[in-house]
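Trainee: The lines below spell out each chain.
Protein chains: 2
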Amino acid sequence: MNISGEQAVLDAHYMARALELAAKGRFSTHPNPRVGCVIVRDGQVVGEGWHVRAGEPHAEVHALRAAGANARGATAYVTLEPCSHHGRTPPCADALVDAGVARVVAAMQDPNPEVAGRGLQRLAQAGIVTHSGVMEQEARALNRGFLKRMEHGLPFVRVKLAMSLDGRTAMASGESQWITGPAARSAVQRLRAEASVVLTGADTVLADNARLTVRAEELGLDAEQTALAMSRPPLRVLIDGRLRVPLDAPFFKAGPALVATCAAVEEQYANGPECLIVPGADGQVDLRRLLSELAARGVNEVLVEAGPRLAGAFAQQGLVDEYQIFVAGKFLGSSARPLLDWPLAQMREAPQLKIIEMRAVGDDWRVIAMPLPAASV
Amino acid sequence: MNISGEQAVLDAHYMARALELAAKGRFSTHPNPRVGCVIVRDGQVVGEGWHVRAGEPHAEVHALRAAGANARGATAYVTLEPCSHHGRTPPCADALVDAGVARVVAAMQDPNPEVAGRGLQRLAQAGIVTHSGVMEQEARALNRGFLKRMEHGLPFVRVKLAMSLDGRTAMASGESQWITGPAARSAVQRLRAEASVVLTGADTVLADNARLTVRAEELGLDAEQTALAMSRPPLRVLIDGRLRVPLDAPFFKAGPALVATCAAVEEQYANGPECLIVPGADGQVDLRRLLSELAARGVNEVLVEAGPRLAGAFAQQGLVDEYQIFVAGKFLGSSARPLLDWPLAQMREAPQLKIIEMRAVGDDWRVIAMPLPAASV
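Quick note, the sequences are listed as chains D and F, same order. Taking our numbering, the leading residue of the first sequence gets 1, the next gets one more, and so forth. Taking our numbering, the leading residue of the second sequence gets 1, the next gets one more, and so forth.
With the rest of the complex left out, here is chain D:
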């Protein structure tokens, strides 16, 4: 291996560590991205840091503080291009320059239009060697919501479903509780904690008395991560076009929530939760406008936990980025309810998905799948 080959191996090694640090912010950084930083001098890690919470120091600042004078002449690995703008904290690019860092390796450019290459540019202008694109795919995966919001003005939408092995979500009668076991429920708790918004529909809230909260004891996380998750619970959003859910429902009693509805009837919710009026053409809530509004409020990731009708509407409108389907080892039979309310007549209309993984979660299994664009069918 030549020297540049060896450097590439080392760069990937330290970036992997920076990504590991960044992931510690999984439950707490939003609306900011998850970012980690490692500072290396003479083959030694001299400082590490990760962004914990919006308004608090960025990953680079933590790492530079830990490194102190050792940052001089060192290489800084950051999972996202250092910022160049004055937000709630001063620009990290300046801090790296001031610390005398010799080289900065970024996993990816920051798509935030306030940065977008200017961070690396400022470093280069100060004589620092810069390099971007190391483990970019992994870095992008960690901040899919932030990236989608910056690049498309929409949050990343993950739809969680629970079904039997024959693709059914409930009996015809609606009976459905406890299809999956405790390990799957704990995984769903972590999905909720990761999300900026947990979104549901009136059917689910009325039928199951669902609250869609995060419960510390079910997260299955260590104390630090549990505390971070509980310090920043996701906003619960209820889609209820006709305001059918009464204010004394457990959903509303469980904490703050936002209601997306169609008509200007929120006077019946006087002193109740905030309402967002987003009527669609078909008398239903306009889901795309709702998502766009949520993105404008800084929402990176939305977890949809809804019945076949609402989940089917998101699917049909092409608004889903990822499905996480928990599969229980049972058959509910041919008269049970479908996975998604989405009638199709011909095979060529059938939406294509890429199944990313299937993995055991306790006695159940989790399938992760991504819709493929219609063009690739």
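FYI, nobody ran anything at the bench for these hints, they're computed from the structure. Given the structure is predicted, the values throughout are model-derived calculations rather than measurements. Where is the CB? At the ideal position from N, CA and C, for every residue including glycine. Keep in mind that the hints are not guaranteed to be accurate.
What the hints assert, rightly or not - For lysine to aspartate or glutamate, the following EDC-like pairs were computed, each having C-alpha atoms within a straight-line distance of at most 16 Å:
{"id": "1", "chain 1": "F", "residue 1": "Lys253", "chain 2": "F", "residue 2": "Asp208"}
{"id": "2", "chain 1": "D", "residue 1": "Lys24", "chain 2": "D", "residue 2": "Glu224"}
{"id": "3", "chain 1": "D", "residue 1": "Lys24", "chain 2": "D", "residue 2": "Glu194"}
{"id": "4", "chain 1": "F", "residue 1": "Lys24", "chain 2": "F", "residue 2": "Glu194"}
{"id": "5", "chain 1": "F", "residue 1": "Lys354", "chain 2": "D", "residue 2": "Asp363"}
{"id": "6", "chain 1": "D", "residue 1": "Lys354", "chain 2": "F", "residue 2": "Asp363"}
To be verified - If the Cβ cut is set under 8 Å, some of the chain D residues that face chain F in the computed set are:
{"id": "7", "residue": "Met171"}
{"id": "8", "residue": "Ala345"}
{"id": "9", "residue": "Met358"}
Stated by the list, open to error - Listing some non-contacts, in silico: residues in chain D with all C-beta distances to chain F over 10 Å:
{"id": "10", "residue": "Tyr14"}
{"id": "11", "residue": "Arg26"}
{"id": "12", "residue": "Ala102"}
{"id": "13", "residue": "Pro111"}
{"id": "14", "residue": "Arg118"}
{"id": "15", "residue": "Gln137"}
{"id": "16", "residue": "Arg144"}
{"id": "17", "residue": "Leu154"}
{"id": "18", "residue": "Glu218"}
{"id": "19", "residue": "Ala223"}
{"id": "20", "residue": "Glu224"}
{"id": "21", "residue": "Ala227"}
{"id": "22", "residue": "Leu228"}
{"id": "23", "residue": "Arg288"}
{"id": "24", "residue": "Leu319"}
For this one, chain D is given, so just place chain F on it according to the hints.
Mentor: Relative to the frame of chain D, chain F by itself:
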């Protein structure tokens, strides 16, 4: 580790090799079990063998021939207790005694009532040290069909299904071709080749012009295994209660077949395929009697490839030992056909399954699941 601990490690090591050899007979030994044998002297493998085909020498005979005089004082590892009876070949127990083998390790006793411990007994009486139960679970897995037939008088029944991620097998119109891709189809070819019988229903044969044959070029096996598979294709069994499938259907033109039907109407099949009359109480073919009859003819493994109705009937009657479900990355939607025709009203009626594995097969995924007995629900 003490000496007996080391011996256990070595025993498992050589038995694993014997199982690997046994598996080479996967496509050809039926109605006999798959058996492998390794002969070891002074830490050297001096002979190996596996049973290829009924009527041909057993694994032990091949291995003893290869070992020659080196078998004296050696240990023989066999994946199934050596036989003690005169079948189409002389008893292997006698051959091992004659060769002067000092120790025989078997993975499991032979459940064949003609053997059932008597093989090991004969060896012990001749002064040979015998040991049984090494890697028994793996050995049983390799011969599940043979064991089920010996122990229960029924074949092992594997149901192959192909579905979309939302659990559907075809559009409401019946449109269904090519749900899954070439790698999944090749895996199905290997399932057919392994089976003693491929069983289907009139619906499938009429709707899809299905032939259910094994095609050498789609097996994806090496030349030796392909030749073995093609030399012993599975018997194709058609369940056709009312003899709806005409004799000029591609199914019948593709080779010998057996028809299971209800009424004594086989005169319309004069000069046609063999018919088996197994009427059930409900005007349908009695599936359990059919399976029992197949077992009596030496059928170890049945692969069911049928539509939701017939597959659902096997499922409802508790006749399924394993499901292999090929899952395509698409949604067919809520009006498409179910996985199994099996209407259930209440969750407590829902049959439980243990999902054994989910694994990628090309662009599709394969789910292997086993029904759990109702008692464990």
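Trainee: Take the hints in turn and mark each one as holding or not.
Mentor: We went through each hint and held it up to the structure:
Between Lys253 (chain F) and Asp208 (chain F) the alpha-carbon distance is near 15 Å, which keeps this suggested pair within the 16 Å criterion. Simply put, Lys24 (chain D) and Glu224 (chain D) have alpha-carbon atoms about 9 Å apart, close enough for the 16 Å limit, and the pair holds. Between Lys24 (chain D) and Glu194 (chain D), the direct Cα distance comes to roughly 11 Å. Compliance with the 16 Å bound is thereby established for this hinted pair. The suggested pairing of Lys24 (chain F) with Glu194 (chain F) holds, with an alpha-carbon distance near 11 Å, which does not exceed 16 Å.
Among the hinted pairs, Lys354 (chain F) with Asp363 (chain D) is consistent with the structure: their alpha-carbon atoms are about 8 Å apart, no more than 16 Å. Taking the CA atoms of Lys354 (chain D) and Asp363 (chain F), the gap is about 8 Å. The hint holds against a cut of 16 Å. With 8 Å as the threshold, the beta carbon of Met171 (chain D) comes within range of chain F, its nearest partner Cβ sitting at about 6 Å, so the hint holds. Because the smallest distance between the Cβ of Ala345 (chain D) and any Cβ of chain F comes to about 7 Å, under 8 Å, the interface hint for this residue holds.
Evaluation of the Met358 (chain D) hint against chain F yields a held restraint, the C-beta minimum of about 4 Å falling below 8 Å. Even its closest Cβ contact with chain F, about 31 Å, leaves Tyr14 (chain D) beyond 10 Å, as expected for a residue assigned away from the interface. With a closest Cβ-Cβ approach of about 25 Å to chain F, Arg26 (chain D) is found to remain outside the 10 Å limit, as its non-interface label requires. With 10 Å as the threshold on Cβ separation, the claim that Ala102 (chain D) sits away from chain F holds: the shortest Cβ distance comes to roughly 44 Å.
For Pro111 (chain D), the condition that its CB be more than 10 Å from all CB atoms of chain F holds, with the nearest at approximately 28 Å. The non-interface label for Arg118 (chain D) is consistent with chain F: the shortest C-beta to C-beta separation is roughly 40 Å, beyond 10 Å. The beta carbon of Gln137 (chain D) sits about 19 Å from the closest Cβ of chain F, which is more than 10 Å, so the claim that it is off the interface holds. With a least CB separation of 19 Å from chain F, Arg144 (chain D) remains clear of the 10 Å interface cut-off, as annotated.
No beta-carbon of chain F comes within 10 Å of the beta-carbon of Leu154 (chain D); the shortest separation is about 21 Å. Annotated as non-interface, Glu218 (chain D) keeps its C-beta farther than 10 Å from every C-beta of chain F; the closest such distance is 22 Å. Every C-beta of chain F lies more than 10 Å from that of Ala223 (chain D), the closest at about 33 Å, which supports listing it as non-interface. For Glu224 (chain D), the non-interface assignment is confirmed: its Cβ lies about 33 Å from the closest Cβ of chain F, beyond the 10 Å cut-off.
Chain F leaves Ala227 (chain D) outside its interface by the beta-carbon criterion, the shortest separation being 34 Å against a cut-off of 10 Å. Every Cβ of chain F is farther than 10 Å from the Cβ of Leu228 (chain D); the closest lies at roughly 32 Å, confirming the non-interface assignment. Every CB of chain F is more than 10 Å from the CB of Arg288 (chain D) (nearest about 20 Å), matching its label as outside the interface. Remark: the non-interface label on Leu319 (chain D) is consistent with the geometry, its nearest Cβ contact in chain F lying 15 Å away (cut-off 10 Å).
In summary, the structure agrees with every hint in the numbered list given earlier.
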